[in-house]
Amino acid sequence: MKPTMEILEQIKQNSKSNENEVFTRLYRYMLRSDLYYIAYKNLYANSGAATKGVDNDTADGFGEDKINKIIESLSDESYLPKPARRTYIAKANGKQRPLGIPTFTDKLVQEVLRMILESVYEPTFLDCSHGFRPKRSCHTALQSIKKNFTGSRWFIEGDIKGCFDNIEHNTLISLINNKIKDARLIKLLWKFLKAGYMENWKYHSTYSGTPQGGIVSPLLSNIYLHELDKFAIKLSDELNKPPSRRLTREYEYISTKIKRLKKKIGKTTNEVAKQALLAELKELRSKMLKTPCKQQDDKKLKYVRYADDFIVAVNGNKEDCIAIKSKLSNFIANVLKMELSEEKTLITHSNDYARFLGYDICVRRNSQVKAHSNHTQRTLNNKVELIAPLEDKIMKFLFSKNAISQNKNGTIEPIERTKLANCTPLEIVSTYNAELRGICNYYSLASNFSSLNYFSYLMEYSCLKTLARKHKCSIGKIKARYKDGKGKWGIPYDTKKGEKRCYFATFSDCKESKTSGDIIINAESIYKLSRTTFESRLAAKECELCGTTEAEAYEMHHTNKVKNLKGKKHWEIVMIAKKRKTLCVCVDCHIEIHKNDKKQKAIK
Numbered sequence: 037m038k039p040t041m042e043i044l045e046q047i048k049q050n051s052k053s054n055e056n057e058v059f060t061r062l063y064r065y066m067l068r069s070d071l072y073y074i075a076y077k078n079l080y081a082n083s084g085a086a087t088k089g090v091d092n093d094t095a096d097g098f099g100e101d102k103i104n105k106i107i108e109s110l111s112d113e114s115y116l117p118k119p120a121r122r123t124y125i126a127k128a129n130g131k132q133r134p135l136g137i138p139t140f141t142d143k144l145v146q147e148v149l150r151m152i153l154e155s156v157y158e159p160t161f162l163d164c165s166h167g168f169r170p171k172r173s174c175h176t177a178l179q180s181i182k183k184n185f186t187g188s189r190w191f192i193e194g195d196i197k198g199c200f201d202n203i204e205h206n207t208l209i210s211l212i213n214n215k216i217k218d219a220r221l222i223k224l225l226w227k228f229l230k231a232g233y234m235e236n237w238k239y240h241s242t243y244s245g246t247p248q249g250g251i252v253s254p255l256l257s258n259i260y261l262h263e264l265d266k267f268a269i270k271l272s273d274e275l276n277k278p279p280s281r282r283l284t285r286e287y288e289y290i291s292t293k294i295k296r297l298k299k300k301i302g303k304t305t306n307e308v309a310k311q312a313l314l315a316e317l318k319e320l321r322s323k324m325l326k327t328p329c330k331q332q333d334d335k336k337l338k339y340v341r342y343a344d345d346f347i348v349a350v351n352g353n354k355e356d357c358i359a360i361k362s363k364l365s366n367f368i369a370n371v372l373k374m375e376l377s378e379e380k381t382l383i384t385h386s387n388d389y390a391r392f393l394g395y396d397i398c399v400r401r402n403s404q405v406k407a408h409s410n411h412t413q414r415t416l417n418n419k420v421e422l423i424a425p426l427e428d429k430i431m432k433f434l435f436s437k438n439a440i441s442q443n444k445n446g447t448i449e450p451i452e453r454t455k456l457a458n459c460t461p462l463e464i465v466s467t468y469n470a471e472l473r474g475i476c477n478y479y480s481l482a483s484n485f486s487s488l489n490y491f492s493y494l495m496e497y498s499c500l501k502t503l504a505r506k507h508k509c510s511i512g513k514i515k516a517r518y519k520d521g522k523g524k525w526g527i528p529y530d531t532k533k534g535e536k537r538c539y540f541a542t543f544s545d546c547k548e549s550k551t552s553g554d555i556i557i558n559a560e561s562i563y564k565l566s567r568t569t570f571e572s573r574l575a576a577k578e579c580e581l582c583g584t585t586e587a588e589a590y591e592m593h594h595t596n597k598v599k600n601l602k603g604k605k606h607w608e609i610v611m612i613a614k615k616r617k618t619l620c621v622c623v624d625c626h627i628e629i630h631k632n633d634k635k636q637k638a639i640k
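This note's numbering applies: residue 37 is where the sequence shown begins, and numbers increase by one.
No wet-lab data here; the hints were simulated from the structure. Predicted, not measured: the structure shown is a model, and the values here were computed from it.
Below 30 Å or equal to it, Euclidean Cα-Cα: the simulated DSS-like pairs (lysine-lysine) are:
#1 Lys-533 / Lys-515
#2 Lys-127 / Lys-171
#3 Lys-604 / Lys-533
#4 Lys-215 / Lys-227
#5 Lys-363 / Lys-183
#6 Lys-380 / Lys-270
#7 Lys-336 / Lys-380
#8 Lys-183 / Lys-354
#9 Lys-118 / Lys-215
#10 Lys-361 / Lys-338
#11 Lys-522 / Lys-501
#12 Lys-77 / Lys-599
#13 Lys-182 / Lys-330
#14 Lys-183 / Lys-338
#15 Lys-444 / Lys-432
#16 Lys-182 / Lys-429
#17 Lys-105 / Lys-118
#18 Lys-614 / Lys-631
#19 Lys-577 / Lys-615
#20 Lys-88 / Lys-631
#21 Lys-118 / Lys-597
#22 Lys-419 / Lys-326
#23 Lys-597 / Lys-77
#24 Lys-631 / Lys-118
#25 Lys-266 / Lys-354
#26 Lys-455 / Lys-513
#27 Lys-617 / Lys-577
#28 Lys-318 / Lys-303
#29 Lys-77 / Lys-532
#30 Lys-363 / Lys-182
#31 Lys-227 / Lys-197
#32 Lys-88 / Lys-614
Please model the entire structure based on the sequences and the hints provided.
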């Protein structure tokens, strides 16, 4: 039987070559076991794999029996998703964002469903969409803005109010029905949309929206908002108007005069006359660099979306922007049955800063001239500038509840983080490195990236003060203790290949980061000729704990983090030795593992 991932790759190619193709009989791929091993591989390493939904179902206990039960219930259409457990996470503005946590079985089914739907829809999505897509990220959206928004005069910052919570179910299913004619798959989607959620152990029905936290929710939102992308491209086609002429009359006049003068200089043999002509050429060139080049009576619209946030760049006047905003608002209200947030949807002149994905965006109006090998040029004029908002973002982080610095008599000084003082030196430095690299990597596209040097200094000395607090000594002694003899300091640690050092991160290494896109493996080429490690380990029918090959069934035992294991029990020693979060065990060993866990909890 041909591997399902290879079939999905063929579906993807068909969808790419024919955007109007309608797909049928996709539900049968939900009944193929090989997809569930891949789905488990995609999910088990996530920190949420051990997080419980409304029951005790987690990544622990995965095996052939579990897959067979899921496939059997999907085959006879008795499968019924359980309600998601509702929890809340804090937003930057102090409000709470609702998060739905499905059971692990529902996550597995949703992941398989996501892979099938993605093979159909991913080729149809437009280049202006960047959220929750393979090989795309916030950085690809920002790079697109930097490339395509050159010379824009106005920005429209768009935000859809409560997008995920207000997706209208009938409209969504109607859109999917245009591309997929499979009653059983549509029925399964309805079940997930209407599964509801539990909050404080009280059941609530869902009448609209896709739960944030669901595996398939981001893809469903992209299918829904793809209609907005198409409408924005339609607006662009309606507005776009070429300039009446390529260059301004003044610029063209000076350019022609310079060409004639250069020919005249080439024919002149008298040195005195030649010098006079060169002086005149220099004066004309100087005047040319101060004269507007492009006619700028054209009209143009560019659009970029990331999830429910979008930004529109307009070459035109403010009246055009008001009309475009009104059309977008009407489309979102009448077709998508959602609301454009008035307070967050702003019309901003490109001289001022528009906020998008945590960056401040503007268009430079700069006539600064840069010298090249044989000519001078205005390289910065009308170019898009991406700025890291130091006051709003970086300073807010420095003075947050995990304070790294304090304001002392108007001066910012680094302080120790007492909560980290009980950690090992390696953990302390690793924590600071992760935070520093995270922020510097994200703002690596900013033109004011060098300003993060001061942020890096505050982070390093906060780290040194935390280490000094731990060892109850001065910063100088900490540097002396961990110096490497080459002018740097780092925490030594042992590996199989000998001693290594964990140095404090260098912020400049993050400039122009190469990891701007999401890392996506080519699953089709990996899986089409071989089985996954989980499938192979389960198919071997050998317990990795007791070694038996005669058990009735085998399951995957899953733990959240290997570093949390104490190494006191036999199964913990085995997992630590293998450096794995999973063990393929027989049913008896799995019961024994959890029986001991329950005893330990009872003693506590």
